[in-house]
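Novice: Take the sequences, apply the hints, and build the full model.
Going down the list, the protein sequences come from chains A and B.
Position 290, counted from 1, in the first sequence is what the numbering used here calls 290; the numbers after and before it change by one each time, with no gaps.
Position 65, counted from 1, in the second sequence is what the numbering used here calls 65; the numbers after and before it change by one each time, with no gaps.
Just so you know, not all the hints are guaranteed correct.
Since the list gives no way to pick one copy over another, a pair counts as held whenever it fits inside one copy or between any two copies.
[As the list claims (entries may be wrong)] Below, simulated PhoX-like cross-link-like pairs (lysine-lysine); rule was C-alpha separation at most 25 Å, straight line:
#, residue 1, residue 2
1, K185, K74
2, K185, K69
3, K270, K43
4, K259, K75
5, K275, K2
6, K259, K270
7, K87, K274
8, K290, K115
9, K301, K185
10, K191, K87
None of these hints come from the bench; they were simulated from the model.
The structure displayed is predicted, hence computed values, not measured ones.
Number of protein chains: 2
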Amino acid sequence: MKIAVDAMGGDFAPLEIVKGIEIARDRYDDIDFQLYGTASEVKPLVTNWERIELIPTTEVIEMGDEPVKAMRRKKDSSMVRAALAVKEGHADALFSAGNTGALLSSAIFLVGRIKGVDRPALATALPSFEGEHDQFVFMDLGANADSKPAHLYQYGILGSFYASHVLGIQSPTVRLLNNGAEEDKGDEVHKVAHQLMKNAPSFNFLGNIEARELLEGTADVVVADGFSGNAALKATEGTALMMLKQIKAAIMDSGTRGKMGGALLKPAFKSIQKKLDYNEAGGAVILGVKAPVVKTHGSAKATAVANTMGQIKTMIDQHLVSDIQNYIDTHTEELQAGKEALNAQINA
Amino acid sequence: MKIAVDAMGGDFAPLEIVKGIEIARDRYDDIDFQLYGTASEVKPLVTNWERIELIPTTEVIEMGDEPVKAMRRKKDSSMVRAALAVKEGHADALFSAGNTGALLSSAIFLVGRIKGVDRPALATALPSFEGEHDQFVFMDLGANADSKPAHLYQYGILGSFYASHVLGIQSPTVRLLNNGAEEDKGDEVHKVAHQLMKNAPSFNFLGNIEARELLEGTADVVVADGFSGNAALKATEGTALMMLKQIKAAIMDSGTRGKMGGALLKPAFKSIQKKLDYNEAGGAVILGVKAPVVKTHGSAKATAVANTMGQIKTMIDQHLVSDIQNYIDTHTEELQAGKEALNAQINA
Numbered sequence: 001m002k003i004a005v006d007a008m009g010g011d012f013a014p015l016e017i018v019k020g021i022e023i024a025r026d027r028y029d030d031i032d033f034q035l036y037g038t039a040s041e042v043k044p045l046v047t048n049w050e051r052i053e054l055i056p057t058t059e060v061i062e063m064g065d066e067p068v069k070a071m072r073r074k075k076d077s078s079m080v081r082a083a084l085a086v087k088e089g090h091a092d093a094l095f096s097a098g099n100t101g102a103l104l105s106s107a108i109f110l111v112g113r114i115k116g117v118d119r120p121a122l123a124t125a126l127p128s129f130e131g132e133h134d135q136f137v138f139m140d141l142g143a144n145a146d147s148k149p150a151h152l153y154q155y156g157i158l159g160s161f162y163a164s165h166v167l168g169i170q171s172p173t174v175r176l177l178n179n180g181a182e183e184d185k186g187d188e189v190h191k192v193a194h195q196l197m198k199n200a201p202s203f204n205f206l207g208n209i210e211a212r213e214l215l216e217g218t219a220d221v222v223v224a225d226g227f228s229g230n231a232a233l234k235a236t237e238g239t240a241l242m243m244l245k246q247i248k249a250a251i252m253d254s255g256t257r258g259k260m261g262g263a264l265l266k267p268a269f270k271s272i273q274k275k276l277d278y279n280e281a282g283g284a285v286i287l288g289v290k291a292p293v294v295k296t297h298g299s300a301k302a303t304a305v306a307n308t309m310g311q312i313k314t315m316i317d318q319h320l321v322s323d324i325q326n327y328i329d330t331h332t333e334e335l336q337a338g339k340e341a342l343n344a345q346i347n348a
Numbered sequence: 001m002k003i004a005v006d007a008m009g010g011d012f013a014p015l016e017i018v019k020g021i022e023i024a025r026d027r028y029d030d031i032d033f034q035l036y037g038t039a040s041e042v043k044p045l046v047t048n049w050e051r052i053e054l055i056p057t058t059e060v061i062e063m064g065d066e067p068v069k070a071m072r073r074k075k076d077s078s079m080v081r082a083a084l085a086v087k088e089g090h091a092d093a094l095f096s097a098g099n100t101g102a103l104l105s106s107a108i109f110l111v112g113r114i115k116g117v118d119r120p121a122l123a124t125a126l127p128s129f130e131g132e133h134d135q136f137v138f139m140d141l142g143a144n145a146d147s148k149p150a151h152l153y154q155y156g157i158l159g160s161f162y163a164s165h166v167l168g169i170q171s172p173t174v175r176l177l178n179n180g181a182e183e184d185k186g187d188e189v190h191k192v193a194h195q196l197m198k199n200a201p202s203f204n205f206l207g208n209i210e211a212r213e214l215l216e217g218t219a220d221v222v223v224a225d226g227f228s229g230n231a232a233l234k235a236t237e238g239t240a241l242m243m244l245k246q247i248k249a250a251i252m253d254s255g256t257r258g259k260m261g262g263a264l265l266k267p268a269f270k271s272i273q274k275k276l277d278y279n280e281a282g283g284a285v286i287l288g289v290k291a292p293v294v295k296t297h298g299s300a301k302a303t304a305v306a307n308t309m310g311q312i313k314t315m316i317d318q319h320l321v322s323d324i325q326n327y328i329d330t331h332t333e334e335l336q337a338g339k340e341a342l343n344a345q346i347n348a
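Specialist: Right under this line is the structure:
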């Protein structure tokens, strides 16, 4: 298999990207890598060219660039060229640590939507602290700020495929992030989405979940509209970071006694931090497009990049995209029926 | 001043409510309390009737009751009777630890909206860990699942009044919870709200805030639509609780060494937990109605109830409601102009 790598995206690109790719090359012997990037910067960093090919590009999409504009105008950027390679069948998957919006645009407009998927969405695996499994799929993380009920329904399908194919969870359960457990809770979008999902033949819906229970692991897939999904994810990250910071500060403030305690607890803290640092395990995936497209956080170092290659390999090995495609192709009536039920409800 | 107390609402009602009121009575010598509740249950709990009056009621709104229905049907419930006392001028403020939705309905339909406020909303003070002040106002916590831009604009006004009058923050700053820092981020509602707020003569708008920075204290008031505000608040609470739980578990798992460390760090953990437990400091306030209406969490114990009386006293002492009322009365043109600008934008 071949992975097209945007070598220029990310805070520590191209250095950490190239280092990560070399680790992955040594780890997975069936992956070939195409590095898209500025030759003068990337070339000196590669120590061993085995299964690594450099495709020189002349432009870079910056973190601050306006996504759609950047994708349209920077035609010789590392990201756009890597996306086009996937589109044209020269590579099987796309990886970037760069501008998320531009990667989304590249995924949707260049790699292309799977026919029948209305809105590709961003998904990630988060730690599930008390559930049956170690992780759950959370989506949409913010690809679509304005989600409709039919989109949320489709996220249930896409998320279930990711949970089964990549996290290895048999018949995954699905919940809808809402501001109450009862089915009449939420705004119109979530009320209607709940009704659609309740009768879903395509996945195993358990009902609503409130953001307070997110990390408890009461479902294998949690579906959210992109706006509140983004808010819940970021509030979770922000709170976890703030607490670790506060604990460190409290330890430093508490004199010899506290510092001794802190030293003794170091291994315990490390294990929690590791569990929380879900970014190390891989990236956010754009589900609903014609190939695996994965984004790691901008500050990803080599290890995270290498781990993400493992995640992409699993997606390819498990035929995630073709299985989604086949499912949607053979269930157009169900998806259509969902939309009609929806329209009937809205016009009632 | 007189506070009407729903003595029957909350997981530990009426015991902890009555205990809390007695603590508050001893602490604040200018407050009279009216306890609305089932006589046979409340009467035996009161140890000293000084400045405490029992108004017997025969019904109780339960946590699981459908809010509007319960408010309409249970006319002799402790909550409805307490709300009516405020409406009729027999009391200055309303307190309950009961059904939040029913309290919202009672506040809006019985106590009544301030003329000119389109949507009363739920606000709370959260800890600000790195800001200039210790706390900031976060609203709407979920009173309105479907918020319009003009509502978010009004929350900016209401929140600023709460920050100045109750938290004592001079010329408070305001931010809008959105899924990106740039002004073109978010769905239509948040894009338009940002434009309205940017030109706000009524408050000091600093721009968007992402949920990740919520606890950092970069603003004195954070305005959110009720749906994502609810999600962000609950994700914050859930993550904080989960982390404390995980730390405890990691300490227990880490042998003698870890347990010793945990024992040494106990005071440090206590101080963080106290800072995080914003519920102890008071309740969530329904802003935009004609009197202070405050809800503490259902599991509130006596201390939290007593502290909430202090919060209500500040609201009354500082003339929060009449100052909001006066401001809105004298700025109808501005509020109207905001709506017109909005309509122009929407129809453009």
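Novice: Each hint needs a verdict: does it hold in this structure or not?
Specialist: Results for each hint:
With identical chains, the CA atoms of K185 and K74 are at most 25 Å apart between copies only, with a shortest distance of 22 Å across copies and 44 Å within one. Taking CA atoms no more than 25 Å apart as the test, K185 paired with K69 passes between copies only; the shortest distance there is 15 Å, against 38 Å inside one copy. Within a single copy, K270 and K43 get their C-alpha atoms no closer than 36 Å, and across copies no closer than 53 Å, so neither meets the 25 Å cut-off. When the C-alpha separation of K259 and K75 is checked against a cutoff of 25 Å, the pair qualifies neither within a copy, at 54 Å, nor between copies, at 58 Å.
When the C-alpha separation of K275 and K2 is checked against a cutoff of 25 Å, the pair qualifies neither within a copy, at 30 Å, nor between copies, at 51 Å. Proximity of K259 to K270 under the C-alpha cut-off of 25 Å is found in both arrangements, the shortest distances being 16 Å within a copy and 15 Å between copies. Taking CA atoms no more than 25 Å apart as the test, K87 paired with K274 passes in neither setting, with 36 Å inside one copy and 54 Å between copies. Only within a single protomer do K290 and K115 lie at most 25 Å apart by alpha-carbon distance; the minimum there is 9 Å, versus 54 Å between protomers.
Proximity of K301 and K185 under a CA criterion of 25 Å is satisfied in neither setting, with 41 Å inside one chain copy and 28 Å between copies. Neither within a single protomer nor between protomers do K191 and K87 lie at most 25 Å apart by alpha-carbon distance, with minima of 37 Å and 33 Å respectively.
Of the numbered hints stated above, those contradicted by the structure are hints 3, 4, 5, 7, 9, 10, listed in ascending order.
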